[in-house]
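Make the complex out of the two chains shown on their own, each in a separate frame, by following the hints.
If you read the protein sequences in the order shown, they are chains C and D.
First residue of the first sequence? That's 598 in my numbering, and the numbers climb one at a time after it.
First residue of the second sequence? That's 210 in my numbering, and the numbers climb one at a time after it.
Keep in mind that the hints were calculated from the coordinates and are not lab data.
Here the structure is a predicted model, which means the values were calculated and not measured.
Treat each hint with caution, since some may be false.
[To be verified] To be clear about the criterion: a stretch of chain D counts as covered by chain C if any three or more of its residues have a C-beta under 8 Å from a C-beta of chain C, and this derived list gives those stretches: (1) 253 to 260; (2) 322 to 328.
[Claimed, not checked] One-sided excerpt, in silico: chain D residues whose CB lies under 7 Å from chain C: (3) I218; (4) E270; (5) S271; (6) V273; (7) R339.
Beta carbons: idealized from backbone N, C-alpha and C, even for Gly.
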Amino acid sequence: MTINFDKALGIHEQALSVRRQRTELLATNIANADTPGYKAKEIDFRAALDQASSQRVAISKTNSSHLSLNSSAPFYEQYRVSEQPSLDGNTVDIQQEKAAVAENSVRYQATLTFLTRKFSGMINAFKGE
Amino acid sequence: MSFFKVFDIAGSGMSAQMLRLNTVSSNLANSQTVSATEEGAYRSRQPVFQQVLDALNTGDESKVKVSEIVESDASIPMHYMPNHPLANDDGNVFGSNVNVVEEMTNMMSASRSYQNNTEMMNTSKELLLRTLQLGRG
Chain C
598 MTINFDKALG IHEQALSVRR QRTELLATNI ANADTPGYKA KEIDFRAALD QASSQRVAIS
658 KTNSSHLSLN SSAPFYEQYR VSEQPSLDGN TVDIQQEKAA VAENSVRYQA TLTFLTRKFS
718 GMINAFKGE
Chain D
210 MSFFKVFDIA GSGMSAQMLR LNTVSSNLAN SQTVSATEEG AYRSRQPVFQ QVLDALNTGD
270 ESKVKVSEIV ESDASIPMHY MPNHPLANDD GNVFGSNVNV VEEMTNMMSA SRSYQNNTEM
330 MNTSKELLLR TLQLGRG
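Chain D extracted, bound-state conformation (with noise of 0.2 Å):
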């Protein structure tokens, strides 16, 4: 019997989509960052999920991991504002590539796959509990 196994796997997504919503924050608080230069614009992050082959036992069930944290390449946007102490000599600074929107519906899908590993491992804990009740009652 290993129903912890179910434990190790919702935990694995949820420490998944926790990192994913680091990335939302980092990237909601960056979005009006600005810079001098386009390579040091601020470049919205994003986690790439990767299911975890075990060599042990092929196809059966298996984690999540983040397998990298890849930067967006969207286009960095210009703003015009000749008296930041951050402008180039045409002056113009260099924002950051969020797209705010974006962020905020991947936050709310992040944190509802969360809610469902939280929940299936409530589920296993409470089938867990009764297994060890087995014969008593």
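So here's chain C without its partners, still in its complex pose (with noise of 0.2 Å):
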């Protein structure tokens, strides 16, 4: 029997890279709060799981030109609906940044903790205790 670190882990691994890809969008619209013109964006969480695991089998380069499948504008990104955009086109709306901040990171340490406990079922299982 051979160990599948994929199977063990589940959706946890990729989980976690869309929670940090959703950290860096939320970053970018804290940045931009006060760009005019500057329009919020939100990753819709289900469209972006979705493509962060049917890519596990990566394509090969065969020439350096080669266009990698990350380069186009990800589908999954969306602008957000505002309830009261500014008299400069900016959309962010900072209290709603700083609340998906917050919920993301509690998110992301409890696809933390579910990671610690797959390994440390696998060590548990290991030992044979």
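What follows is the structure, given as structure tokens:
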């Protein structure tokens, strides 16, 4: 019997990566909170997770000028619908963004806890105590 | 894993807000500056923020930068001060068009935005450190 990490860790590995992408997007929204014309963005989590789990098979490049899979804009990023856009066209609602950061951070830590438990489960299985 | 991007993004936001604070302090310091001519009068300076669009990651996460600093074209006030050494033949000097109340609110807004960026940095630092502990607990 071989041990397959992908099977053992389940979806959490991809979830962690999508949570990290969401953190970056929220950081962009907060950094551009005063930029005229900037439109706040948000991740469609289900679509992002679906894409992350289907991309396990990497495509090898036979030429250095080939495009990589990640070069195009991800389709799962969408613009937020703003309730009170600014006069300068900015749609960042800083309260909403901060709430999203707090929520995302808790969920990221939850995923981390899941992964830690999976690892300790495997270690227990190795020891056979 | 590139959590370090968050530090770049929040850092760019912090430096942009810091530049905004600098222009605010420059405007406030020069709010009482007078000049002999209308052209030489101090004009309020305002930074223009712009999203940095990287050619490599279109539409994805991006930083912010100050694209230019524009001078306000609000009217220059004229003060009648005949004894002032810089007064012209009519006894007038030209003041600055800095709106002090506007600058104070600008300062509060900039420092709040700066704080938001530092909070973002702290949150991601915490997450990053916890990720390093993965599998140990």
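Each hint tested on the structure:
1. 253 to 260: Three-residue rule met by the segment 253 to 260 of chain D, so holds; n is 4.
2. 322 to 328: This one holds; 4 residues, not fewer than the three required, reach chain C with a Cβ under 8 Å.
3. I218: Hint on I218 of chain D: holds, closest Cβ of chain C at ~4 Å, below 7 Å.
4. E270: Since chain C brings a Cβ to about 4 Å from E270 of chain D, closer than 7 Å, the hint holds.
5. S271: holds, 6 Å
6. V273: holds, 5 Å
7. R339: holds, 6 Å
Figure legend: structure checked against the earlier numbered hints; every hint is met.
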